[in-house]
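K.L.:
With the hints as a guide, bring the two chains together.
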Amino acid sequence: MVLGLKDIWKLQGIIIISFCAVFVCTLFLNHNIDVVSIENEITSEQVRLLYEAQMMSGKVVCGLCGGCLLATSVVMLFFYIKQYIDSHRKQIGILKAIGYSSFKIAKGFSAFGLCILFGAGGGMLAAYGVMPYFYKVQNEDHILPEYSAHFHPVLPVCLVIAPALLFAGISVLYGCRKLSVPVLELLREKVEKSFKAGKRRQGKELTFLVQLRKNTVWQRKSLVFFIAFAAFCYSAMMQMSFSMEELASIVFSVMIVVIGIVLSCTTLFIAVTSVANANAKSVSMMRVLGYTMKECTGAVLGGYRWIAYVGFAAGTIYQYVLLKFVTIVVFQDVEDVPDFTFDFPAFWIALISFLVLFELLLWWKSIQLGKRSVKKVMGE
Amino acid sequence: MIQVKEVVKSFGNKENINKVLKGISLSIKDGEFVVILGASGSGKSTLLNVISGLERPDSGTVSYDNRDISGLSDKALTEFRKDKVGFIFQQYYLLPNLNVDKNVRMGADLAGNSDYRQVIEAVGLGGKLGKYPSELSGGEQQRVSVARALAKKPEVLFMDEPTGALDEETGRLVLDYISKLHAKYHFTIVMVTHNLNIAEMADTVIRMNSGKIVETYENQMIKTAYEIGW
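Note that the protein sequences, when read in sequence, are chains D and X. Numbered by this note's numbering, the letters in the first sequence go through residues 1 to 380 in order. Numbered by this note's numbering, the letters in the second sequence go through residues 1 to 230 in order.
So here's chain X without its partners, still in its complex pose (with noise of 0.2 Å):
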């Protein structure tokens, strides 16, 4: 279980603070998928930065399992995301010089896991091991570093816009993978969007605005991908 408590995040300097946080507070269960819906400049971004530990806090607190992180080192934090925490971005981030096979190894790698090659078909890469990110296309990319993610068995999955590059067809296959993958292996899915559709897909959205949370609610009736509109 996540608990975030009154967490407050500013960026700038004394003559020139942006407050981008503004006390937010709200629990996620294990195994839930959870989006966090806003329009662009709401905070969306910055607090999975700051509730996956990437970003410390100015205040308050963000627990695992009742164990804060908002206090620890650099290299708790680091120890943390490679136990934790799974992430994919807009961008993809693959290494260029590296191919499928060991882009997707330097997740499996982390986590001593052998079969890594296993969510790579589960992707539909199988085929493309030998391939370099510039050899591939968006929607591919954006699988291998699906694959990247879950190929080091994390707790809880972070996605920042994960289809926020791609077209719509891709963006629907890359949601129908995670989702399967969701429902295999049960790992807690935070992603954020501003897509108001893709929220259909999740147990519970949180929606933000100007830094705060304004509203939270479960899905009733749960869409795919292939459900829910572009």
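Same shape as in the complex, but just chain D (with noise of 0.2 Å):
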């Protein structure tokens, strides 16, 4: 199976994601490495807690940032290899009919690898951009001796080259284990699996409306992953820097901010436009029967929105837990720490703009999914 730049360009989720992390860990990590060089010129007690607490942080933020998005990835990238088996399902089929093994077809997977390698690869050249005002900006408080930005190999080794290979040999493994089925499974047309709903309550009957709003959101638990993890980063990363004021600096502040709305938006858009799109022949023969868009769009893209709501305050939660954790015990020893409060003004402003943006987005693909016709729907 020869995968084209075409298809590599289709998990942008993952360009886009691994992008965000490696720019997060080449900072943080190129600063840990520099900074080490300096630990001897360090005479006085409480400028070695300081510098013990901004190498703690960087490591926290590298495990968490690095940690999340590539378990992230893996989870999109497994879910984009799988929808792309169940696209060319025939032409896999006859491949593996005319006698090609699953191996040697999942082979061609491994060209997934280059998303890694493109994105990871654009976060540390944006992350060595940025790097010389980084370090201005922790030099500025003169508190750790001064110490200036070198590049360490080690990085681009670990960062770039090795996650690439490692999400290329990933993809071949599970194309591998997905294509072990028979060919005239793959050659026939994919039956749906059946979402069978939980017990009800005796004589509750749900609606046309309802259940398929129920079981369109619970066929696809990736999707449900992925819009409550959307939420999950935006409010979490979103108020997280704007409480960080007073713990952290400004660039680091901004930094978070960015990388929350980029990631937390491109996770939703992918999510949401798979729902729209699997969901675009449902959609059509409701038009047909005479449903209105409104309705329709109601029932596939509406179970969502508490899901996001869900993930939204399992962010708020997380991230009040974790800057108390970090002003508790990472900075415990060190004067001049503020005590952590939960931040009201920010929750708002996070929860406002979240609203704003995934309303927007739900309004703007049922847009798209009105304008859709009927008979090109259907033929498909």
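Some clues are possibly wrong.
EDC-like mimics (lysine to aspartate or glutamate), calculated; alpha carbons at most 20 Å apart, straight line [as the list claims (entries may be wrong)]:
{"id": "1", "chain 1": "X", "residue 1": "Lys82", "chain 2": "X", "residue 2": "Glu55"}
{"id": "2", "chain 1": "D", "residue 1": "Lys371", "chain 2": "X", "residue 2": "Asp74"}
{"id": "3", "chain 1": "D", "residue 1": "Lys371", "chain 2": "X", "residue 2": "Glu79"}
{"id": "4", "chain 1": "X", "residue 1": "Lys223", "chain 2": "X", "residue 2": "Glu168"}
{"id": "5", "chain 1": "D", "residue 1": "Lys90", "chain 2": "D", "residue 2": "Glu205"}
{"id": "6", "chain 1": "D", "residue 1": "Lys90", "chain 2": "D", "residue 2": "Glu185"}
{"id": "7", "chain 1": "X", "residue 1": "Lys128", "chain 2": "D", "residue 2": "Glu205"}
{"id": "8", "chain 1": "D", "residue 1": "Lys371", "chain 2": "X", "residue 2": "Glu55"}
{"id": "9", "chain 1": "X", "residue 1": "Lys153", "chain 2": "X", "residue 2": "Asp65"}
{"id": "10", "chain 1": "X", "residue 1": "Lys22", "chain 2": "X", "residue 2": "Glu55"}
{"id": "11", "chain 1": "X", "residue 1": "Lys5", "chain 2": "X", "residue 2": "Glu135"}
{"id": "12", "chain 1": "D", "residue 1": "Lys178", "chain 2": "D", "residue 2": "Asp7"}
{"id": "13", "chain 1": "D", "residue 1": "Lys294", "chain 2": "X", "residue 2": "Glu79"}
{"id": "14", "chain 1": "X", "residue 1": "Lys75", "chain 2": "D", "residue 2": "Asp7"}
{"id": "15", "chain 1": "D", "residue 1": "Lys365", "chain 2": "X", "residue 2": "Asp83"}
{"id": "16", "chain 1": "X", "residue 1": "Lys82", "chain 2": "D", "residue 2": "Glu295"}
{"id": "17", "chain 1": "D", "residue 1": "Lys281", "chain 2": "X", "residue 2": "Asp160"}
{"id": "18", "chain 1": "D", "residue 1": "Lys294", "chain 2": "X", "residue 2": "Glu168"}
{"id": "19", "chain 1": "D", "residue 1": "Lys281", "chain 2": "X", "residue 2": "Asp74"}
{"id": "20", "chain 1": "X", "residue 1": "Lys153", "chain 2": "X", "residue 2": "Asp83"}
{"id": "21", "chain 1": "X", "residue 1": "Lys131", "chain 2": "D", "residue 2": "Glu205"}
{"id": "22", "chain 1": "X", "residue 1": "Lys19", "chain 2": "X", "residue 2": "Glu55"}
Quick caveat, the hints were computed from the structure, so don't treat them as lab data.
P.N.:
What follows is the structure in structure tokens.
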């Protein structure tokens, strides 16, 4: 199976996420490695504590940011490979029928590693681009002895080349696993997995629209994860960046808010687009029968609202607990660290902007669904 | 009564226009069973789409009881389809993530029909309410689509090759259910097919070729689904 650049470009979500992850990790890891070089120059106990807190926060940010984003990228990669196989079932089935092994076909999926190469490579270049400014801001308070930025070859190896190879390998293995089905099953039309609603209260009859909304949501659990995750990221990173004003530099806050917005918007966009595309036929049939666009989009997209809001609430709690933990545990011995309290203005700004963003996205997607020709969708 | 006057419909761009309907005129009486017969590419499905309000004609009019629907807005056309028509397609187009009961309810809720299970019983699927489309045979899926169309109590039922994907036995069974329900509820039927034998079940047959009506005739002897050839 030969994948073109067009196929790889469809993984924009992973490209953007790996860009953000490597951007942050490069800045902080490079900074941590450089800061180690001045450890011997530190004489005062108070400065040493600050040095250790800074090292620790660098590690926490890299671990959390890198770990979370890596996990999201892997889930997104699996999701995309599954979608790719589903949309190319017949071609793959024919290849298998004429004697290609699953591994031989899945080998082509290694090209998905390129999206990490593009994203992570871009993130690293961008990080080295802003690094002088980042160091300048870090040196401004003159608490630690002055240090300068150096290039560390281990970083491109660990943050760009190794992840690209890892993702290429994961793609092949996952592809192999997904392709290990009988040829006839691939050649046949895909049978949708039935979603069976849970036990209902006796006597409670759900209308068609309510049932469709429930089934649409729970049939694709990966999309539920993406939407909740996007809302979580938006809420946590936006509020964290505002609340950190007194704990970290402005560069740090801006970086977090930009990454939060880019990451959550990308994930939300991909997830909502997938929902809309997957339900285009159902919407068309509903329109043929006489359901209004409002009813159609309410049934297929509306169910994700509460998931997004639950994700937002979880993000709010997470950022509060994390910052409380940082101030109590990480900075416990550092003087003049203000007591951290819940930032209500930050919460309201994040909530209102998220509401506007999410509702605008749903509105835009419903307009797009409405513009699709019923005849064309039914003929697909 | 449905009246179609001088309907023209083309597809493609200025350089490559494909005129599919070339001035079609016809009328269909209430409760009539009309078959539009023609070979592939004759324009019969496009005519069905235009008459049913799924597509607008380039020129000409389509009227239901003297109300022209060809110039209606999208919203008004949706309202029209909701109130007046039902559809059965060759490919069923059932919602895969809903069971039989909810797929039929999709049509019933539009008409506020709470007795829709009677229609499911009438097409012989009373025992399969909780089954999903992937768990049904082709014939059963088409019967669900028949029940879905009739559960919204349409005045006109449009069918595009409803037995096209079915074997003979199942095809006859589906047609038999449809004609029995037609006799019971007296809705108008407009069916598109290329099968000359199925045309023998209709009151009126409209034969099309190259975007034009070449012949219209009334059957003197109407046959049942089990009397026609296949």
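K.L.:
Hint by hint, say whether it matches the structure.
P.N.:
Verification of the supplied hints:
Simply put, lysine 82 (chain X) and glutamate 55 (chain X) have alpha-carbon atoms about 15 Å apart, close enough for the 20 Å limit, and the pair holds. For the given pair, lysine 371 (chain D) sits about 11 Å from aspartate 74 (chain X) by alpha-carbon distance, which is consistent with the 20 Å threshold. Taking the CA atoms of lysine 371 (chain D) and glutamate 79 (chain X), the gap is about 17 Å. The hint holds against a cut of 20 Å. For the given pair, lysine 223 (chain X) sits about 16 Å from glutamate 168 (chain X) by alpha-carbon distance, which is consistent with the 20 Å threshold.
For a cut-off of 20 Å, the pair hint linking lysine 90 (chain D) to glutamate 205 (chain D) is broken: about 39 Å separates their Cα positions. Between lysine 90 (chain D) and glutamate 185 (chain D) the CA atoms are separated by roughly 10 Å; this keeps the pair inside 20 Å, and the hint holds. At roughly 17 Å between alpha-carbon atoms, lysine 128 (chain X) and glutamate 205 (chain D) fall within 20 Å of each other, so this suggested pair holds. Proposed proximity of lysine 371 (chain D) and glutamate 55 (chain X) is supported: the alpha carbons are some 14 Å apart, at most 20 Å.
For the hint pairing lysine 153 (chain X) with aspartate 65 (chain X), the CA-to-CA distance comes to about 18 Å; that is within 20 Å, so the pair holds. Note on lysine 22 (chain X) and glutamate 55 (chain X): the hinted pairing holds, with a Cα-Cα distance of about 15 Å set against a maximum of 20 Å. Under the criterion of a C-alpha separation no larger than 20 Å, the hint pairing lysine 5 (chain X) with glutamate 135 (chain X) is inconsistent with the structure, at around 44 Å. At roughly 18 Å between alpha-carbon atoms, lysine 178 (chain D) and aspartate 7 (chain D) fall within 20 Å of each other, so this suggested pair holds.
With a CA separation close to 13 Å, the supplied pair lysine 294 (chain D) and glutamate 79 (chain X) stays within the 20 Å bound. As the CA atoms of lysine 75 (chain X) and aspartate 7 (chain D) are separated by approximately 37 Å, the hinted pair breaks the 20 Å bound. The suggested pairing of lysine 365 (chain D) with aspartate 83 (chain X) is violated, with an alpha-carbon distance near 27 Å, which exceeds 20 Å. Of the pairs offered as hints, the one joining lysine 82 (chain X) and glutamate 295 (chain D) holds, with about 13 Å between alpha carbons and a cut-off of 20 Å not exceeded.
With a C-alpha separation of about 17 Å, the suggested pairing of lysine 281 (chain D) with aspartate 160 (chain X) holds against the 20 Å cut-off. Restraint check for lysine 294 (chain D) and glutamate 168 (chain X): the C-alpha separation of about 41 Å exceeds 20 Å, so the hint is violated. For the hint pairing lysine 281 (chain D) with aspartate 74 (chain X), the CA-to-CA distance comes to about 18 Å; that is within 20 Å, so the pair holds. Distance restraint check for lysine 153 (chain X) and aspartate 83 (chain X): the Cα-Cα separation of roughly 9 Å lies within the 20 Å cut-off, and the hinted pair is therefore satisfied.
This hinted pair checks out: lysine 131 (chain X) and glutamate 205 (chain D) have alpha carbons roughly 17 Å apart, not beyond 20 Å. The hinted pair formed by lysine 19 (chain X) and glutamate 55 (chain X) meets the criterion: a straight-line CA distance of about 15 Å does not exceed 20 Å.
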